[in-house]
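Model the full assembly from the supplied sequences, consistent with the hints where possible.
Protein chains: 4
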Amino acid sequence: MAGSVLGEVFRISTWGESHGPGLGVVVDGCPAGISLAEEDIQFFLDRRKPGETKYSTPRREGDRVKILSGVFEGRTTGTPISLVVENTSQKSKDYSEIKDCYRPGHADYTFDAKYGFRDYRGGGRSSGRETIGRVAAGAIAMKILDLLGIRIRAYTKQIGPFVCRREFMDEGNIEKSPLRMPDLEVSAQAEEYLAKKMEEMDSVGGVVECVVSGMPAGIGEPVFGKLDAALAGNLFSIGAVKGVEIGAGFEVAQMTGSQNNDSFYMAADGSVKKYTNRAGGILGGISDGDDIVIRAAFKPTPSIFQKQNTVNCRGEDIEIQIKGRHDPVIMPRAVVVVEAMTALAAVDKLFVGMTSRMDLIQDFYRRRDCKKE
Amino acid sequence: MAGSVLGEVFRISTWGESHGPGLGVVVDGCPAGISLAEEDIQFFLDRRKPGETKYSTPRREGDRVKILSGVFEGRTTGTPISLVVENTSQKSKDYSEIKDCYRPGHADYTFDAKYGFRDYRGGGRSSGRETIGRVAAGAIAMKILDLLGIRIRAYTKQIGPFVCRREFMDEGNIEKSPLRMPDLEVSAQAEEYLAKKMEEMDSVGGVVECVVSGMPAGIGEPVFGKLDAALAGNLFSIGAVKGVEIGAGFEVAQMTGSQNNDSFYMAADGSVKKYTNRAGGILGGISDGDDIVIRAAFKPTPSIFQKQNTVNCRGEDIEIQIKGRHDPVIMPRAVVVVEAMTALAAVDKLFVGMTSRMDLIQDFYRRRDCKKE
Amino acid sequence: MAGSVLGEVFRISTWGESHGPGLGVVVDGCPAGISLAEEDIQFFLDRRKPGETKYSTPRREGDRVKILSGVFEGRTTGTPISLVVENTSQKSKDYSEIKDCYRPGHADYTFDAKYGFRDYRGGGRSSGRETIGRVAAGAIAMKILDLLGIRIRAYTKQIGPFVCRREFMDEGNIEKSPLRMPDLEVSAQAEEYLAKKMEEMDSVGGVVECVVSGMPAGIGEPVFGKLDAALAGNLFSIGAVKGVEIGAGFEVAQMTGSQNNDSFYMAADGSVKKYTNRAGGILGGISDGDDIVIRAAFKPTPSIFQKQNTVNCRGEDIEIQIKGRHDPVIMPRAVVVVEAMTALAAVDKLFVGMTSRMDLIQDFYRRRDCKKE
Amino acid sequence: MAGSVLGEVFRISTWGESHGPGLGVVVDGCPAGISLAEEDIQFFLDRRKPGETKYSTPRREGDRVKILSGVFEGRTTGTPISLVVENTSQKSKDYSEIKDCYRPGHADYTFDAKYGFRDYRGGGRSSGRETIGRVAAGAIAMKILDLLGIRIRAYTKQIGPFVCRREFMDEGNIEKSPLRMPDLEVSAQAEEYLAKKMEEMDSVGGVVECVVSGMPAGIGEPVFGKLDAALAGNLFSIGAVKGVEIGAGFEVAQMTGSQNNDSFYMAADGSVKKYTNRAGGILGGISDGDDIVIRAAFKPTPSIFQKQNTVNCRGEDIEIQIKGRHDPVIMPRAVVVVEAMTALAAVDKLFVGMTSRMDLIQDFYRRRDCKKE
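Protein sequences, first through last, are from chains W, U, L and H. What the first sequence shows, in this note's numbering, is residues 10 to 382, in sequence order. What the second sequence shows, in this note's numbering, is residues 10 to 382, in sequence order. What the third sequence shows, in this note's numbering, is residues 10 to 382, in sequence order. What the fourth sequence shows, in this note's numbering, is residues 10 to 382, in sequence order.
None of these hints come from the bench; they were simulated from the model. Check the hints yourself; a few may be wrong.
Said to hold, decoys possible - Rough simulated footprint, nothing fancy, chain U against chain W, three-plus residues with beta-carbon under 8 Å:
{"#": "1", "stretch": "12 to 20"}
{"#": "2", "stretch": "109 to 115"}
{"#": "3", "stretch": "134 to 147"}
{"#": "4", "stretch": "307 to 314"}
What the hints assert, rightly or not - Some, not all, of what chain H presents toward chain W, calculated at C-beta under 8 Å:
{"#": "5", "residue": "Met10"}
{"#": "6", "residue": "Ser13"}
{"#": "7", "residue": "Ser22"}
{"#": "8", "residue": "Gly29"}
{"#": "9", "residue": "Pro30"}
{"#": "10", "residue": "Asp37"}
To be verified - Anything over 12 Å on all C-beta distances counts as not near chain W; from chain L, calculated:
{"#": "11", "residue": "Gln51"}
{"#": "12", "residue": "Asp55"}
{"#": "13", "residue": "Met178"}
Glycine included, each C-beta is placed from N, C-alpha and C at the ideal position.
Given below as structure tokens:
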């Protein structure tokens with residue numbers, strides 16, 4: 010309830026600060042029998058790792074993950090999986106000067122207001138490094154989704170005024186763009202824009218889009234446990250997110266019912282399909298079998314190197330000039346966090362959804378008993 | 010977990026279908042000693058009640074609430090408060106023809122996919138009437154906030170292309186506008202637009218904005234329990250919401266850090282303030298003492314009276330023409346639901362926040378013991 | 010968290026006071042497709058109803074249950090089931106004289122210490138009538154267990170010094186004994202003992218035993234989510250329970266490992282069995298396929314008609330003589346509550362247990378998709 | 010929900026297997042500002058550590074705890090505290106021979122029934138070493154209780170037929186007895202008895218008693234969230250516990266109301282007291298200000314070195330003779346686990362209890378705002 014436990018069935022507890030000994034996560038509720046190795050998790054951690062391009066903080070961390078429990082002879086055992094990543098490149102002295110002052114756009118002031126004091130080194134718990142535990146747990150969720158035929162892919166849709174064009178987006182381009190923008194022409198323009206802003210010691214915002222494909226219809230709970238509510242809550246829990254939309258999103262405000270409704274039709278394979286997908290794959294909080302499309306707006310990195318007005322914890326107005334190592338744009342790395350948070354919501358709702366029908370429960374226990382003999 | 014329980018400390022369980030005997034809610038976790046009468050709750054139910062204007066369904070319901078438990082001699086006792094509203098104006102025959110078919114934009118198909126069958130009368134549990142329980146519980150949350158000096162006010166910010174202008178918005182106008190738009194000139198324009206769309210047997214979308222004032226700094230939990238994540242999850246749980254944004258919202262995508270950061274300064278009263286509020290009152294998931302500003306985009310009512318293509322539950326492509334009683338615009342009534350869901354998140358986080366500091370906990374128990382003697 | 014919500018997947022919220030308008034429960038998490046009528050629930054409510062024998066309070070309540078939601082055309086829909094029982098026989102004046110004083114053995118003082126005041130009429134929320142919601146929800150859990158081939162049966166094992174003898178216990182006798190003691194000879198002796206104590210204006214304690222048969226092996230979670238921990242927590246939540254034991258229970262303290270261990274053997278049908286069942290059907294918190302045997306010790310009803318020393322809420326030492334309507338023995342009615350609480354724990358753990366193995370989850374979703382077509 | 014997360018406000022997630030790289034716990038919900046060092050935790054881990062006396066397994070583990078997060082400059086920060094203990098003395102080959110067979114009294118069979126396979130090394134997750142995470146988290150809970158003036162002390166009350174006599178029990182003796190029995194004469198007799206059973210290659214059971222003093226009246230939630238239900242659930246989650254009782258416990262079955270009721274009186278200091286404490290400090294699930302007295306019955310260690318009948322996972326009847334390192338009596342070490350589980354329940358309920366009265370909540374927020382300035 011204090012905030013670092015997430016999920017109802019597939020439940021994760023993250024921990025760790027930017028400049029403490031390490032960061033990690035405990036996953037309780039992972040089923041037994043899933044093949045899992047450190048490399049499966051490392052793959053995702055490497056994708057979010059800093060220091061890979063000129064657009065991320067030059068802090069270099071190996072971010073090597075270790076599995077401390079819950080896996081035996083290469084398979085999950087059903088017991089909690091503890092994952093740890095050591096911090097190896099902390100430079101605490103970089104932060105000593107901001108110890109007493111509240112950086113604009115950061116959580117320094119609100120942490121002090123809440124807790125009375127804070128671990129000021131590198132943002133402590135409110136650092137972007139906190140997402141390591143999420144990504145590590147998300148990697149396991151991705152494995153589960155893969156076994157159920159479900160795929161998640163996120164990318165940078167927009168940076169500043171530069172928006173990928175649907176018709177020029179190619180998933181194969183995502184990793185070719187240093188900004189993870191699947192429209193390479195727009196990506197190049199965004200790079201120029203970013204270079205200019207970096208020269209001006211400024212940072213930029215943007216939008217990450219995430220698509221879930223292969224989700225069966227009927228997942229998500231009505232009323233408060235809606236799939237979109239879970240996805241939105243999960244994405245809003247990412248540091249810099251200021252908006253989330255699903256399907257047509259905020260455009261629906263300007264549409265009429267006849268424009269926005271997606272008509273159903275019967276597909277050749279006997280399944281129910283929609284001609285369009287303005288719903289973004291979710292109706293009444295429950296998946297409709299279509300792609301789930303969700304977008305999150307990220308604010309520009311608050312750590313900029315320009316002088317800014319602020320106050321210190323002694324109640325004095327001051328000027329501050331932030332030093333240290335900071336990403337001028339976080340979307341390229343946030344893409345991996347968005348995938349993780351989406352995967353965590355999806356797995357949790359898939360697991361919750363197993364008790365919606367009594368006939369399926371009876372069938373489950375009948376077959377489970379047979380399997381054992 | 011099945012979706013109809015919300016909250017961690019101030020926990021509500023809603024129940025009821027559009028055409029069942031009634032709807033209601035059980036509130037567990039309401040502190041003892043709050044003055045509470047049925048009229049306190051009725052006030053909010055009346056504001057969301059159908060049949061009040063030409064823009065809402067002509068279904069007329071008294072929507073009279075009864076308190077069945079948890080209140081003794083006019084005060085809450087600390088035990089669960091059960092609230093019930095009877096359905097009195099069901100016309101089930103209106104719906105018999107849609108029994109077997111899936112209305113576009115509705116949850117008919119997804120409920121069938123999830124549960125194998127559904128209570129088709131008036132949308133059953135996915136009806137807008139489901140929000141009665143939320144509004145009733147929200148009324149109690151509003152009472153609690155009031156006792157803590159916190160105020161919540163929502164209004165229609167936008168309908169179709171018509172957006173209230175910040176400088177012409179006056180809270181006193183909200184209830185003067187049949188659309189609950191606080192810019193009366195824009196409201197009049199939106200009414201014309203709406204009239205035209207109603208003639209065309211169509212419906213319209215829009216945006217509701219909600220402002221929380223008086224929230225102390227330091228409320229909300231870091232990482233997953235963020236105040237914005239809770240607010241967003243709560244708003245996304247409202248039927249027609251397709252997007253939620255906080256503060257500058259999606260505009261941050263086009264801003265730079267120097268444009269978006271809110272600088273702090275010391276106010277005359279010794280408190281920390283921000284020159285601007287692009288953050289929307291929340292930094293790092295924790296309230297900063299400023300107004301919390303949140304917006305939700307509502308899709309146009311999916312029930313339109315035009316002919317639409319769809320399928321039935323026998324897997325046939327069909328045409329459907331919806332009858333019955335439906336709002337051509339839901340924002341005016343949704344305003345009350347947005348307030349309720351915001352209040353529920355705020356109270357829950359205020360209660361959760363009481364254990365963030367050991368010195369305050371010690372102080373609490375020291376004083377509690379004294380008070381008793 | 011405030012205490013009236015129970016369960017993780019099959020989640021119930023009870024509400025109601027002894028002398029309020031009624032009592033009830035909302036069940037969230039009941040699967041769709043279960044045949045359910047008011048009579049199914051009434052059967053259990055009638056078994057716990059007061060006024061049936063000379064050993065229960067002469068307060069006569071019809072205790073008629075109404076289903077207000079979640080059932081459509083005789084089947085559960087998967088949405089919350091709201092059940093209500095009206096109070097019809099309140100005699101509030103009986104209690105006016107105990108308004109200000111703390112009855113020994115009751116929760117009067119502790120409610121005041123917690124909430125600052127209390128609904129003193131008939132014990133308010135701490136009345137035995139509070140169990141109506143439990144029994145109503147338990148009736149639904151019983152239906153689910155029945156569909157999975159699991160059976161629960163409780164009975165009075167002991168009253169005062171009179172203990173049913175294993176070899177003379179016959180399940181068919183339970184309802185033949187007014188004390189629900191399945192050893193009729195012992196039951197007759199206990200009746201004599203009870204009559205004597207009633208003459209002395211006193212009350213008696215006892216033990217209820219409950220047997221769950223047909224539970225598949227492998228149900229329950231390790232560490233904190235143990236099946237026995239859930240059962241014990243549920244039974245300890247019943248008002249008068251002061252002890253709970255499983256299998257050999259407190260006798261294990263005097264046993265050695267060689268005496269207590271149950272040896273396994275292979276049964277003719279290929280299943281794993283134990284020669285004995287001192288474990289009570291649970292090993293390491295997980296069911297072993299054997300009968301689950303659990304016992305709860307009930308204290309004598311604290312409401313006795315003798316004069317007792319106590320204090321009032323003004324801090325004065327006083328003498329009190331309780332009037333009103335009270336059971337001199339509660340085990341016969343508590344039997345039904347024990348069954349309900351056991352059923353609620355069993356269903357919850359069965360539902361939780363559906364995600365323990367990835368191969369079974371994959372199988373579930375594969376088959377679910379096929380079934381729909 | 011999968012079992013390794015405990016608590017509602019003070020929430021812990023334990024992880025680790027007997028023969029994996031280590032064990033640990035993440036504590037989410039610990040307030041900021043508590044002085045905390047590794048030694049505070051080490052003190053309790055050393056008390057439960059194996060290898061200290063002839064009555065515990067000769068496996069020698071340093072069991073050194075490391076704090077990986079949540080503490081800054083010697084004080085808790087309010088963010089999750091991650092604690093890790095490395096396994097250093099695993100001897101996995103000892104267990105290879107039991108890989109395929111089900112030890113009587115152990116969870117081998119039930120883990121296989123649940124998960125399809127298991128980490129068989131040293132019992133894996135069902136090993137007694139799993140309690141390391143509990144004790145480490147419990148140490149933090151103990152610190153919190155200490156700051157609130159609450160004290161917890163457990164000891165071995167009974168081993169086999171040897172029961173400490175109330176009048177000869179002295180808390181100062183607990184650590185003087187190798188069995189942690191505070192009646193030294195009885196402790197000596199129990200030692201003789203134990204020596205004899207060890208010669209016979211057998212093990213013994215017993216009872217641990219735990220006393221909580223200084224708990225304010227009014228803690229615990231009515232109905233399901235009762236303090237006794239939480240304590241009982243927590244104690245039943247300890248591996249070998251087969252029974253739990255509070256106050257007079259199972260003796261109440263043989264008592265009458267006039268014998269069992271504790272009469273109230275006004276103490277000189279103006280507080281409400283009871284002449285006796287058969288209630289064990291809890292009435293209606295809520296603390297009454299008196300000592301809370303709770304007992305747990307522990308079964309004899311199932312690992313005995315005699316030959317036993319059992320089956321293997323291929324469905325064959327076999328004989329087994331267990332080797333390895335096992336405690337012939339677990340009560341002396343279990344004492345520390347009982348204290349930890351009691352402390353965890355107590356802290357959680359104290360924190361939950363902070364929202365029971367609106368006047369206290371208003372007072373809290375009023376004072377919190379003042380303190381900040």
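Consistency of the hints with the structure:
Only residues whose beta carbon comes within less than 8 Å of a beta carbon in chain U count, and the stretch 12 to 20 of chain W has 6; three or more means the coverage holds. With a cut-off of 8 Å between beta carbons, the stretch 109 to 115 of chain W has 4 residues touching chain U; three or more are needed, and the interface restraint holds. As drawn, the stretch 134 to 147 of chain W meets chain U at 3 residues by the rule of a beta-carbon pair under 8 Å; at three or more, the given contact holds. Counting residues of the stretch 307 to 314 of chain W whose beta carbon lies closer than 8 Å to any beta carbon of chain U gives 7, which reaches the threshold of three, so the coverage claim holds.
Interface restraint check: methionine 10 of chain H against chain W, minimum CB-CB distance 5 Å, threshold 8 Å, status holds. For serine 13 of chain H, the shortest C-beta to C-beta distance to chain W is roughly 5 Å, which falls under 8 Å, so the interface hint holds. The closest approach between the C-beta of serine 22 of chain H and any C-beta of chain W is roughly 4 Å, which is under the 8 Å cut-off, so the hint is satisfied. Taking 8 Å as the C-beta contact cut-off toward chain W, the hint placing glycine 29 of chain H at the interface holds, the least distance being around 5 Å.
A hinted interface residue such as proline 30 of chain H counts as satisfied when its beta carbon comes closer than 8 Å to some beta carbon of chain W; here the least separation is about 5 Å, so the hint holds. Checking aspartate 37 of chain H against chain W: minimum C-beta separation of about 5 Å stays under 8 Å; hint holds. Remark: the non-interface label on glutamine 51 of chain L is consistent with the geometry, its nearest Cβ contact in chain W lying 21 Å away (cut-off 12 Å). With a cut of 12 Å on Cβ distances, aspartate 55 of chain L stays outside the contact zone with chain W, its closest approach being about 25 Å.
Methionine 178 of chain L, annotated as away from the interface, keeps every beta carbon of chain W farther than 12 Å; the closest lies near 29 Å.
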